[in-house]
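Undergrad: Could you slot chain B onto chain A? The hints should help.
Heads up: the sequence lines are chains A and B, in that order.
Heads up: the first sequence is residues 1 to 712, going by this note's numbering.
Heads up: the second sequence is residues 1 to 77, going by this note's numbering.
It is possible that part of the hints are untrue.
Stated by the list, open to error - If you anchor each label on the Cβ, the simulated ranges turn out as follows: (1) Arg6/B x Gly23/A: 44 to 54 Å; (2) Glu230/A x Gly60/B: 35 to 45 Å; (3) Leu127/A x Ala26/B: 31 to 41 Å.
To be verified - Taking beta-carbon pairs under 8 Å as the criterion, some of the chain A residues facing chain B (in silico): (4) Lys99; (5) Leu237; (6) Thr278; (7) Ser368; (8) Asp375; (9) Thr377; (10) Leu487; (11) Val488; (12) Ile489.
In case anyone wonders, no lab produced these hints; they're calculated from the structure.
A virtual CB, placed ideally from N, CA and C, is assigned to each residue, including glycine.
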Amino acid sequence: MYRVALVGNPNSGKSTVFNQLTGLRQKTGNFPGVTVDVKEGKIQFPGKTEAILTDLPGTYSLYPTSSDERIVASLLTDPKHPRFPDAILYVADAHHLEKHLLLLTQILDLDIPVMFALNMADTAAELGIKVNTAKLSERLGVPVVFVSGRTGENIPKLLADLEKMLTTPPPVSRVESFYAFTETEKQIAEAVRLNLGTENKYRALLIAHHHHWLPFLQAQDRDTLSTIVETKQFQSLRSQVDETLDRYDNFTPLVQENVQQPSVFPNTNTDRIDAILTHRVAGPIIFFGVMLLIFQAIFDLSVYPMDWIDGGFSYLNDALKTNLPAGWLSELLTDGILTGLSGILVFVPQIAILFLLITILEEVGYMSRVVFMFDKTMRRVGMNGRSVIALIGGGACAVPAIMSTRTIGNWQERLITTMVTPFISCSARIPVYLVLIGLAVPAVKIGGFINAQTLVFGAMYALGVIAAFASGWAMKKWLHSREHSFLVIELPEYRIPHWKNVWLTVWEKVSAFVVGAGKIILIVSIGLWGLARFGPGDAVSKAEQQARAEALASGADSTQLHDLLAHHRLEASYAGQMGKFIEPVIRPLGYDWKIGIALLTSFAAREVFTGTLAVLYNMGSAESDISSREETQAKVTMRAKMKNEKFSDNGLPVYTLGSALSLLVFYALAMQCMSTLAVVRRETGSWKWPFFQFMFMGILAYCGAWLVNFLF
Amino acid sequence: MQRRFRTVPDLKAHESAEAIAFSDPALAGKLTAMGVRPGTIIEMVRKAPFGQAYYIKVEGIRLALREEEAASIMVEA
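With the rest of the complex left out, here is chain A:
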């Protein structure tokens, strides 16, 4: 199987060409040791040859300034790498050809067969840009094909030419390099050749430039290279800049001779749009308007498919329960596995809607403007302009929001965004807030117009935002970036989104979640079911006998018996035991063991909290009415029952203003969501960060809840 690497600048239309060539035959590949995802896809050539196409991160040169750009330089300097390409497909935007030639002329010096695809043929012609491809091809020494990633024009020709290049590699007849080495650079390249056996001069020079971080070098090689660089007094940064300027001087005439460009770029539409969208007053206002729309869309549109998924699963669950023989095996299938599956699928609508909308904004070119506008604000708290989108998305659900941090290039900024996004109050916290606020806060008007309940509700959201910003600021102080953070980004011309890219991104995000985070969610969900279903020894069966006896004594009907059974079973289970076990720990917060159980079970999803309490207060069958957003009879009953709850030892009421506010604060701050942890695990590539996040948020929540209980 051949390997082809897709190389080009950011905004060259590389991903569009990638999607044209591979379609759905693509997956996300992992480069060991890096957290950047690199997409790979299979190309089926007309002549039956097959190749794996690797879509390398976009970069402007082989002198990288971020971890994703480093992938390109480290792969191309390491011919022993399993992904080292047999050929390179270089994509450039025909509109700004000059800027794209820098990286191309660097690549040409590496002696890898190169195919040059000049992208955006259709719009270039409209703008009056004419390229003499034959002449350009002759001067660069590589075949040049004019393509349109957007319409697919000339893609078949590109495929045929690429296949020919792979099966019958062209003779190494290189034209003269666009860069002449200095005397020092010649000596350096020779020294690298003698020590590492790197024959290619430019590759040897690149290894010398990047010797302190290239992953394939042994410690010994690194030392040798350090010595070489020092003894030759090689000034890496200086030499990089000189090389870049030299290359420009050499290929600029080539562009002037062979490319006919309009003297003034007529595309002032982008300028006109930007005058409004990046305006110092209108810009941020429009942005928040757009974000509000996205937030509403995730919130409102996803309700329907989420209800169908919920409804479908509970129907299936009930059908299986009535038709299968009773016993723990059927319960494992229904309450364990099916509940877990629905817990995974219920996120799909939110993920799909969020990514549909943000991919459109990205494709249109708006996202880079967002980064430009909010970079300063977000950088103060250790994040990046793009983090705004994740934080706002977190208001609906942290799971898709964290997945959207992929586009943040700087690893530290991405990590901080991932760590603090779950502080933003998500939709799953709403039922918990509603029940508790209704219980603890009187519905009085403060100052005659603001409802006290509304005020507390708003305060919970504010608390989340403050916690996110403050902990971002603290993490920034603690992490100290190792890599220099650059902004320097291109603000591309506005254009109509390429729908194929949009659908493929949505598809990729949804399947990444279902496959990547889904299995963790399923396992944890089964585990939680087990904890709530089984108890030590015969505790559970004894509890069942007791429930039946109570029911018989009070003449309960079948619904009441069902509720009693559920209550006693849960109390006797491992989860129940654990709730009692942790009571001393949570007592200072004002909670009893029943709340303890609810805290444990709601780890599956925050909204489970109300359901668990419903079971413990003998009203399990009304569970679904409590978690709905509307004010229901069940909620009123629930509050009445909560008001009557007393601590078993001293008879004092459990739910006071202090304990209810304390619970609110706990839910606002604690990492009570296994799905989020599963996604953080997937996105950061290790258990270290979700563990840290769980502990950090947990400790903060505990301290905050304690303080509130103490004060009120």
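TA: Chain B alone, transformed into the frame defined by chain A:
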């Protein structure tokens, strides 16, 4: 004494000036690779809404720069 150069943040909106040199070698590599080179004409488009970032145009390419990045580009006085 009159300064012989200015930096990009000194430019007013829609003012253009020729780039002369860079003051920070680490940033120079990135900026040259993106098309900002001595001899190119830099047009200041506007400042970011909350400050500390600039929107510039260089040979038809639109770029966003941070304060320190923009300040490292010296332009003719």
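Undergrad: Does each hint fit the structure? Answer for all of them.
TA: Tested hints:
no. : hint                           : result
1   : Arg6/B x Gly23/A: 44 to 54 Å   : 51 Å, holds
2   : Glu230/A x Gly60/B: 35 to 45 Å : 42 Å, holds
3   : Leu127/A x Ala26/B: 31 to 41 Å : 36 Å, holds
4   : Lys99                          : 5 Å, holds
5   : Leu237                         : 4 Å, holds
6   : Thr278                         : 6 Å, holds
7   : Ser368                         : 7 Å, holds
8   : Asp375                         : 5 Å, holds
9   : Thr377                         : 5 Å, holds
10  : Leu487                         : 4 Å, holds
11  : Val488                         : 6 Å, holds
12  : Ile489                         : 5 Å, holds
The structure is consistent with each of the numbered hints, conforming to all of them.
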